Structure formats: C-alpha cells, structure tokens
Amino acid sequence: MGRLVAGELIKVRTTRTALGFAAASLLLVLAAVLITILAGHPQTVADKRDALSFGAAIALVLLLFGAVAATGEFRHRTLAPAVLIAPDRLRLFIARVAAYAVTALALAAVMALVTLAVGVPLLARENGPDLAGSDYVRVVAGGLIVATLAAALGVAFGTLVRNQVFAVIAALVWVTILEPLTGLIDDRLPNYLIGSPLTRVAQGGDADMSFAGAALVLLGWVAVFVLAAALVDRRRDVE
Amino acid sequence: MPAGAAIEAVGLTKRYADVTAVDDLTFRVRGGSVTGFLGPNGAGKTTTLRMVLGLARPSAGEATIGGRRYVDLDEPARTVGANLEVAGAHPGRSGRNHLRALAAMAGLPGSRVDEVLRLVELDQAADRRAGKYSLGMRQRLGLAATLLGDPAVLVLDEPANGLDPQGIRWLRDFLRGMARDGRTVLVSSHVLSEVAQTVDDVVVIHRGRLVQQGPVEALTAGGGGVLVRSPRSDELRSVLYREGLTATETPDGALVVEGVDAARVGDIAFAAGVPLHELSPRSASLEEAFLALTSDAQPAAAAAEKGEPWAGSLPES
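Protein chains in written order, with the working numbering: chain A, 3 to 241; chain B, 485 to 801.
Pairwise CB distance ranges (calculated):
no. : chain 1 : residue 1 : chain 2 : residue 2 : range
1   : B       : Ala501    : A       : Arg190    : 43 to 49 angstroms
2   : A       : Leu29     : B       : Val555    : 41 to 47 angstroms
3   : B       : Glu605    : A       : Asn165    : 34 to 40 angstroms
4   : A       : Gly4      : B       : Ser595    : 15 to 21 angstroms
5   : B       : Thr504    : A       : Gly4      : 38 to 44 angstroms
6   : A       : Ala111    : B       : Tyr500    : 42 to 48 angstroms
7   : A       : Val167    : B       : Glu546    : 36 to 42 angstroms
8   : B       : Ser595    : A       : Leu92     : 29 to 35 angstroms
9   : B       : Val555    : A       : Leu218    : 34 to 40 angstroms
10  : B       : Gly591    : A       : Ala214    : 36 to 42 angstroms
11  : B       : Asp558    : A       : Leu218    : 36 to 42 angstroms
12  : A       : Val175    : B       : Ala501    : 28 to 34 angstroms
Covered by chain B, according to a simulated footprint, are these stretches of chain A (three or more residues, beta-carbon under 8 angstroms):
no. : segment
13  : 7-14
14  : 17-28
15  : 79-92
Calculated directly from the structure, the hints in this document are not laboratory data.
What you are looking at is a predicted structure, and each value in this text was computed from that prediction instead of being measured.
Using N, Cα and C, we set each Cβ at its ideal position, and we do this for glycine too.
Taking the hints into account, I'd like the entire structure generated from these sequences.
Spelled out as structure tokens, the structure:
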C-alpha cells in the first residue's frame, strides 16, 4: 500500500492541478481572513474564531480538487497503467484517497500558518475578549480535519461519477444551492448533510451542533461515499 | 514465473448489452515466441487483450499468463509488461514523471526510469510534457512503461500505430530482441505488413471469433497454387484445361494454376510432351491470406471440420 500511495503522490506533485488548487486556496484564505476582520470587526470569541476558520474557506476547493483528480484519471484515460501495476482495484482506490487526503492535509497546514500569521495580529487590534489557546487548537484541528475529509470525499465522488464537468458542477450546485434549500423542508436537515458539517467542523462547532457531532456526520458521509466508490470501481472495466 | 510464460485464453467471451465483442475465443501463445494478434479494426483484439490483462471482466471464459489470471499475479509489473493505450500518460505530466510514478507504484528504483527511457530512445524528450509528444513518442513512452519491471511477457496493442518507417523498423528489431531474450511477446495489429516480418505465430480473429492460429508460414503455405513456365505456354494451358484445370497468365508470361500441386502439373505436362522451364509451388502473401480469412470469416472449429490445411493448434511450448 505504501508504494501505491507514494506513486499517487508523485502523480499529485507532477501536474499543475495541485498547484492551481493551492493557489486558489491561498487566495480564498487571505480574502476570508482580511475581509472578515477588516470589514466585519469581530468582537466576540465565536466571531473571532470564525474569522480564523480557514477550513471553511478551502473545504469546497479541496472537495473539487479531489473530484477533479479522480475524474481526470477517466478523462485522460490514465487509469490503465496504474491498474496494470496494481490489479487490486480496492487497494489502488484507497491509495488514491489516501494520497489526496495527505496532500490536502499538508495544504491545510500551510493555510493554517498563513491564517494565523495574518489573522492573529489583526485580531489583536479588535475589541472584545481574546481567543484562548483551546480556540486556536479547535480552529486549526477543525481546518485540518475538514481539508482531509473534503479531499477524500471529492476523490470518492469523482470516482463514482467519472465525468469531470458533471462532477464539478454537481458538487458546486449541491453544496451551494440545493443543500441550503433543504432547510426549507426542515431547518435541521442541512446539519446532517455535507456543506453545513464542513463549515461547522472548520469553525470548531456551534450551538446547533458540537464540533464532535459535526465531525461524526462528516465522517459518516465520507465513509458512505468511499465505500460506494470502492464497490462500484471494483466492478467496473477499465477503459 | 518462468521466463517467457505462455498466454492462454479459453472460451473468452465479452458481451456489451446486445453486442458480443468477443465470442468464445480460445487460443494459446507459446512461451518465448512473438505472436501476432491480428484482425481488422473492430475485430475484438483490444477487448480480448483487456480481458487477458484483467482490465475487463469476461462475460465467460478465462485467460491466464503462466497458468495464473493476471489479477492473481504477485508482482504484475515484473511479470507482464502491457501497453494498451497510447502511453496512458496525463498530458500535463512529463514522460519521466509518468514513469517515476509507475516505478514507485511497482516498487522499482528510480534509476530504472532512466534505463527504459534510454532503451526506447526517449531520454532526450523525457522532461517534456506528454501532451506535447508526437504519436510515435507516446508509443515509445508506452513501451518504456511496459519495460519498467523487466517483464518476461509483453502484451502490446497496436504498438506500430503512429510510428514512421524508421520507427517501425526500430520496433521490429526491438520485438525480435525481446524474443531473443526468451520473452513471450503478444502484439496486436490490423496492418499485417507491420508484423509480418516479426512474428513467429499468428492468432487471427474476426468479429470476435477465432479464424486461425498457427505458425506464420503455415498461414500462407499451399494457398497460392502452382507457378509454371513453358516456351509453349498456349499448348500447356490447353492441356491443363482438358484436365479440368484453369491457368491464369502472369504479366511475364508464366501460368498460375490453382487447386493443384506441382507434381500433378508436372505429370500432365510430361504426358503431353510439353517442356517446362519452371515449376514451383506458389505461396499466397500473408496479406492475401489475411484478407481471405477476414473477408470470409470462419471459426477455427468449422475450418478444422472442413480439413483445411492450416487449421490447427499451436505446438506445446
């Protein structure tokens, strides 16, 4: 398994795709921190924690990163050489999920440093109580968890749908439009879907759902998608 | 796995909805031989190879390499080198990085990448993105990937596609070199001239069914009639006609007599007192034999039932 992950990591590093998503993540994180603090002037602990929740800013980007990577294997017909080396499709799929999760984790760690380097001095100039050490831990841990799970979810979703354009549009439409609309049916429903737990974990939880609860919901969705993708992928012919 | 293991397919079948792409295909590739897997476009060659390599699940039947299914091989990259796509490399990744990733997955040292790049003469372009490669360069990159694990068996799908004449000659020498090393090579093509001078055996399929397998020489033997040359050509033709034989004149004045062996033509001429200057069996070209096979496809079993001269199975390896 280790060498499959190593091979997948080489694949991640040797195209411009990862670089593009890293650049997009950096821009979003900087924009989120600067706008939230300089324009929003957070005064409470919760608002200040939200201002540093870099995970919320990059969750969707990393979900798309995973989806684009997985669908790229089908789009560019690059799957066959890898399957010829690793005919056990389950192991290959898990290795791909792991490689993108690790990459997202590393990217999130960099984003955490950027966020703290820019955000903490700016927050020090704002009124209201300071953040405690546990607040920083929760925001950083949440961001790292969200980034890792979002990329894994993206790889699983991309493997299931295969079509790159459809995968990107479907993910965007679901998370940004359809999922919030489910709140019209029951305002608690979005809490148990994908977008809301992503944000909630990144922000360290809130009054509606705890950090651990949101993380569990998210983990459940990732498990469902990874399992479904693994089963479907294993039975498919490689084109 | 021993060097040059045999490849076997038994009753291999692949159905897609209402289409049967490969239909009860049985053949054997001798270990240590270069075997041409031939058939026109759409005959089912690639689908068959994909099933042999575990990339497609057969609807029925089984394919083995060295007695084991591909998916059951312990170290596939060190056992079988296969190239089904043209390179199969991401267009934004360099040839070298494509091979580095595959080598890492196979647990092979990075130095092996440079070795295979030199072997396929792609080392000068190794750091360019694969999307910028010509078709011939992508073919070479695909070949480099197949050689990473120094495998004893090579399975190549249309490797000559996109190669210029020099490239085809290079490929021919390359495949012969692989066979000299004792490796088994199964190479598909729809262009006979590309492989005619390279292969020992052929497996010919058409519309997903086997129409012939055997040594390449057997494909053309006995199918071309008898070439006969006489200073009294018109008289010879009349004599042959009286014996129920039809002779066709070639541009240089010789006669070609179909459906008879050389001895019978010689006996007829001798009895009639017609002198002969040349009498020789004439082999059909591989191209003629191939076209005859695939334009009037008949399954091997049916051909064998008719007792046709070159229907049969390969010798044991």
